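S.K.: The primary structure of each chain is shown beneath.
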Amino acid sequence: MGWVSQIVAQSTGPGTPITFNQHIAPLVFRHCAPCHRPGQAGPFSLLTFDQVRKRGPQIVEVITNQVMPPWPPAKSSVAFEGERRLAASEIQLMERWVAGGSLEGDKKQLPALPIWPQGWQLGEPDLVVRMPQAYLLGSAGKDVYRHFVIPIPSTVRRYVHAMELRPGNQSVHHAFLLFDVTRQSRRTDAEDAELGIPGMSPPQSAQSPPGQFVSWKPGTTVRRGAPDEIWTLQPNTDLVLQMHLQPTGKPETIQAEVGFYFTNTPPTQFLGKLGLINYAIDLPAGVTNQVVQDSFDLPRDVELLGLIPHSHYIGRSVRGLAVLPTGEPREFLNIPRWDFRWQGDYRFAAPLALPKGTRLIMEWSFDNSTNNVFNPRNPPTRVVYGLNTTNEMAELWIRMRCKTLEDQEALKDSISAKDKQGSIDFNKWRITQNPNDAMGHLRLGQVFLDDPKRQNDSLRHLKTALRINPKLDEAHYAMAMFLIARGQNRMAKTALETTIGLNPEHADAHGNLGLLLWKLGDVEGSERHLQTALTLNPQDELAREALTELRTIRTFRKLGK
Amino acid sequence: MHIPSGQSLSLAGSARAGFFSSPGVTVAFMLLGASTLVGCRAPLANAGPAPKPCMSPVATALTLDQTPIEPLASISRRATAMIFMAVECPICNRYAPEIQRLAARFETAGVDFWLVYPNADESPEVVRKHVEDYQLTALSKRVIRDPQHVLVQRTGARVTPEVVVYRPGGEQVYRGRIDDRFPALGLDRREPTRRDLEQVLSAILDSRPIPTSGEPAVGCYIPPRP
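Residue numbers (the numbering used here), protein chains in the order written: chain B, 1 to 561; chain H, 1 to 226.
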């Protein structure tokens with residue numbers, strides 16, 4: 001294609017007048033119009049000479065400052081899919097056009113507008129769900145983070161290869177698509193009359209699909225999913241839309257919809273997700289560049305497929321680095337100016353193969369001073385780790401693929417050991433900050449539960465959690481697990497009953513109570529609770545098997561009589 | 001022609017430099033300009049492409065009924081704030097609630113708020129719809145267009161939303177941003193840390209020295225006249 005660039009070079013040489021029709025339209029149609037056209041996220045259209053001429057100086061400013069096209073990562077050695085960046089020569093061209101009086105040029109040279117798909121990008125989806133009610137966003141005020149729970153009317157297991165979110169309103173700045181197989185998100189939503197769950201942190205049971213990251217930001221294109229993007233949608237799952245809404249100046253009604261595309265091919269790849277997370281964030285007021293890290297050593301050869309960096313408002317920059325066993329560093333992510341409004345997931349243009357022994361490093365920098373315009377506190381105050389918008393987080397989630405099931409298991413084990421240690425460190429820190437933090441004690445009690453050497457610690461923390469908050473259903477449940485492991489079945493039964501009394505929809509409590517009652521000889525009670533467990537969580541295979549077995553035995557008994 | 005209701009013509013002005021050097025004498029200019037402009041109404045009234053500028057001896061700003069208007073004519077009040085606006089400027093839009101709030105707070109205290117739409121291709125209908133959509137109707141009596149950039153040139157406004165504040169007597173005391181919520185294109189604070197316009201108007205009302213003559217406004221550049 002050398003001759004093409006030659007022609008372009010000739011036609012833009014010094015002294016040549018730069019015109020819209022010849023030089024600017026192709027650039028704008030390609031880099032701007034995908035979002036700046038009717039029905040898309042851009043707040044105005046950039047399709048005609050008049051529309052572009054009118055905004056000439058503003059366009060030069062936003063492209064020089066690299067505000068537009070929106071693409072936070074700087075160029076690094078590993079490319080992402082769908083990178084949106086202008087070449088220096090394109091920026092210069094725009095500057096010259098504006099400086100030269102924004103000439104229109106010869107109409108014959110105006111290229112045709114690109115053809116964009118109408119409606120759903122991949123055609124009519126197999127299933128469309130939408131927010132059951134519209135959410136009303138006020139005209140003014142701060143940005144809103146909210147989770148909307150949408151039941152998915154699918155009673156059979158489906159394999160999903162693609163999804164498209166249609167926000168339907170320009171106030172939606174970004175969104176993550178999460179899924180909840182329990183009813184926890186619905187319950188949390190029902191706690192108040194307003195639609196949706198406020199804040200940046202969804203209920204814990206709302207997760208991105210197994211092995212996947214799914215997010216939406218302006219301009220997201222949807223394509224047929226690659227084999228590693230196929231995942232299993234369980235029956236009766238709830239979609240939890242985590243949305244960042246930015247008031248536009250007038251009242252807006254938001255009723256987003258999501259289209260699903262199914263395939264008959266089940267997922268076959270050995271995927272894993274790693275969270276590099278630093279919980280020890282403690283940012284004094286005024287610091288401008290406090291660095292926070294986390295790392296992980298790969299136990300097997302893997303391929304990195306994609307990532308999501310995450311922090312709240314005062315993240316300043318984030319880097320992802322792979323240090324190969326040879327010591328050679330490879331940067332795979334560099335966002336020099338973090339802007340939480342343009343969050344999302346990134347997929348590598350090609351999988352990044354890394355050998356066993358590679359160290360993956362996350363490096364966040366925070367600016368908790370007034371220099372940081374995104375700092376929500378004025379004057380700044382100390383900020384620590386936490387899920388609330390008033391706290392900070394430092395995370396880098398990485399999606400990867402292994403070659404074999406055995407590698408995948410090894411990777412999972414390493415990741416879960418790391419997560420466990422992370423949870424211990426974080427919750428220990430939490431209870432030093434507040435010795436009466438029931439959740440901190442509960443989490444420590446839970447983590448130590450499967451460590452034979454820490455059983456006393458487990459009991460101590462669970463007891464403390466229950467002393468502080470006797471209504472904590474999860475603490476009663478964890479206590480029941482502790483008791484079952486010790487064969488103290490009667491006490492365990494009481495603990496499970498208490499759990500269910502506090503939270504009638506605790507599926508696991510029903511399941512375990514069902515098994516326990518069977519052991520204790522109460523067959524009717526057992527069947528009832530197993531059935532409830534299965535209704536609440538159709539994925540509970542243990543309850544399903546037990547129930548089948550129980551019914552078979554009862555049938556035999558009846559026959560025997 | 002008709003005189004917009006509620007407007008005192010005692011101080012109507014023209015577009016020439018040195019405005020208000022001879023208050024009260026310029027009424028004739030305005031009447032002349034206005035009568036000449038009547039013939040230009042039809043093309044301006046439709047929402048189509050930008051109309052050709054009328055060949056009038058004296059250009060003026062226009063009400064949404066296409067009547068010539070001089071916002072400083074009623075400057076007997078404590079102050080006048082002109083906010084330059086555009087219908088497709090996201091930063092203008094996001095300021096709409098703040099403009100409402102400031103107008104509600106200061107209008108009763110004697111400050112007139114004018115919304116000035118300088119882009120010639122924004123028809124009266126489009127402007128009217130913008131004012132309604134963004135709930136600025138409380139200001140609708142003082143929404144005007146400035147397709148010939150009379151006010152743009154007089155004030156030196158460069159972007160929307162930019163504010164110019166006048167004291168009685170026609171002295172321009174402030175030109176700049178509403179507040180510091182948008183430090184640059186693509187950046188916004190959750191809340192402003194300095195509310196410049198509010199401070200300036202409060203100072204005028206309290207007869208205190210004016211704290212700032214204006215930090216640059218951030219928004220959409222006002223395009224040159226076609």
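Worth flagging that the hints you see were computed from the coordinates, not collected in a lab. Since we're looking at a predicted model, the values are computed, not measured. Positions of the beta carbon are idealized from the N, C-alpha and C atoms, including for glycine. Accuracy of the hints is not assured; some may be wrong.
[Stated by the list, open to error] Covered stretches of chain B (chain H as the covering partner; in silico rule of three or more C-beta atoms under 8 Å from a C-beta of chain H):
| # | segment |
| --- | --- |
| 1 | 62-71 |
| 2 | 244-258 |
| 3 | 269-283 |
S.K.: Against each hint, give a clear statement of whether it holds in the structure.
M.R.: Hint-by-hint comparison with the structure:
no.	hint	result
1	62-71	holds (count 4)
2	244-258	holds (count 5)
3	269-283	violated (count 0)
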